[in-house]
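*Asks:* The lines below spell out each chain.
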Amino acid sequence: MTPFTEIRGKAVPLMMADIDTDQMITREFLITKSRKGLGRGLFHHWRFVDGKRVENFPFNWDWATDPQILIAGPNFACGSSREHAVWSVMDYGFKAVIAPSFGVHFRRNAYKNGLLPVILEANEVEHLAEAVTQSRGKQLIHVSLPQQTVTLDDGPSYRFEIEEEPKAALLEGLDEIGLTLRHTTAIDAFQKNDAPLRPWVYLRNDR
Amino acid sequence: MADRYLDRLWDMHVVASLPGGVDLIHVDRHLLHDLTGALAFSSLKAGGRSVRHPELTWGVVDHLISSKKDRVGPTIEGGPGLIEAFEQHTAESGVRLFGPADRDQGIVHIVSAEQGIALPGLSVLCIDSHACTVGALGALAWGIGVSEAEHILATQTIRATRPKLMRVEFNGKLPQGVGGKDLILALIARIGTSGGRGYALEYDGDGFRALSVEDRMTLCNMAIEAGSEIAIVRPDEETFEYCKGRAYAPKGEDWDKALATWRALADGCEKTGDEIVTIDVSRLTPQVTWGTSPQQVIGIDDPVPDPAGADDRLRSQMERALSYMGLKPGDRLSDFPIQHVFIGSCTNARIGDLRRAALHVKGRKVAEGVRAMVVPGSGRIRRQAEEEGLAQIFINAGFEWREPGCSMCAAVNGDMVGVGERCVATSNRNFEGRQGERARTHLASPEIAAAAAVAGRIVDPWRETRQ
Ligand code: SF4
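Residue numbers (the numbering used here), protein chains in the order written: chain A, 1 to 207; chain B, 1 to 467.
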């Protein structure tokens, strides 16, 4: 996993509430053997209708090229646990998503892939979205994970909370499986103690 | 320390406590499906790792498989390739697969329950957000993403934070025609699609306990539509009865021991929650969604609501949903012809669902202009329905009787609602485009779906007899 420390980049707002992952990436893009290249599927049917670009969709605004930060409405990416939603956001070029709240699966999946989900107050998110839109993307946003801050070029700066574990993992780009495998002794011990208590859990290989 | 059923379940699975409130949880049962299973295996192998416990891991082919008779005909581009890759990976790793040719194949959350893979007191993780379904058996179950599945394959554990608990009590006597689907839609209408976020939902109350174990699964299934990853139910004698004799359930002495353990586990728990929601079921009517979010619910005879009174966030959503669904405030759903009826999915495709649906179809015909299909949840259910004569009732009425799988619920197997057409579905998601381009989905119970197929529109089959 690539580590995340900080970025300063262009943001685009997508402020609708409760956008579900079915909208983010539709069925045709789910059929894949790879996590790569899904950016073209992100909001595809909102960006294009009948093969034509939808000009008033934020991703298609003339200044909204190569954004790195997505500013989103409440309960962003709710619904299905499809990790494709995170992969497509990252493949599109986003490094961080700022919203008042996230769908549970999306947030966890984001951490695992090195995408930073930032939770701010609704009015703070709205302020960022307005500033970015009014300046037509000229106002960049600086997201610092070590400081836990989101700062607009012309201020203000907002602080966000993040749990210790994902923060450390993101900062160092740690592979969680590797980390957990360090607990192999504990896993073995758990199973050894548990097996006589709950023998029905531990099916045999030959079943 | 609280001593609720959730806490007991959680505590018994903690392998280690990590910094930041994260627990390393032992995974007793791990399930994968065809849509993303191959990806999890290939990532695992790319990392030079192997499956730690293939005997605690199962694969099910459900999302991408054709539901046509004998599975013939095109499905979706790339689908067959993904199924093949999944078959290959599971075979190489020694993981049991319910594949296309397996007579017990079905939808993963239905198969895990009917095979006794999911049982009371077990932790059951599945690469799918409706993993919460089997919480109805008293299991600790939730859905995961591909990266987490890879983590479980390698370690048989998952990192997780204990959720808060929302205790949901359904009280009162269930009115005629009101069942699990109506209760869960009513709950989501009440707390909203993010109301359960951060909580596990524990269902209880006499209205809930009156439901069959299968119907309880319907309620647990849609916890994720209320924003909650986990639904749990303190198991009771009915739960144990349901589990007894299933393929992977313990037998003989092991069964007696398991039963004693489960009874002790469920006995004397604190019946509290960090949040408590109570719903009086005695006044409920059948519930139907009118919009594009599972919280946009009305009683079957109620008018479509007016966004004017709602707060800003809700209002814009409602307006968008009204236009997508081709409805106006004050409309009655019964005035709109429907083109599709889909009876299927992990929410409502069990034998009880098919029995109740068949009652409204028997001796009648599917209305002209309606394409209606029944997709049983598993091969076992399909066979049982054929033995009981239910299949024939549906076929005689003009329903398509299909092979088991997810089918039109996720519409990634070639089964789709036509562009802009209206569908009454027993599944769990009515999102824009979920069942096909511009498809208009109304979620409802199997009874309502069946009655709609016959009437050609959404009607209340008990209207005359309801006081
Ligand atoms: S039936 Fe629908 S909700 Fe259930 S697992 Fe299949 S696609 Fe998902």
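One thing to keep in mind: the hints can contain errors.
[As the list claims (entries may be wrong)] Facing chain B, from chain A, some residues (calculated, C-beta under 7 Å):
no.	residue
1	W46
2	N109
3	K112
4	L152
5	D153
6	T185
7	I187
8	P196
By construction, these hints were calculated from the structure, which means they are not laboratory data.
C-beta: ideal position from N, C-alpha, C; glycine also.
*Asks:* Output the indices of the hints that this structure fails to meet, ascending.
*Replies:* The structure conflicts with hints 1, 4, 5, 6, 8, although it agrees with all the remaining ones.
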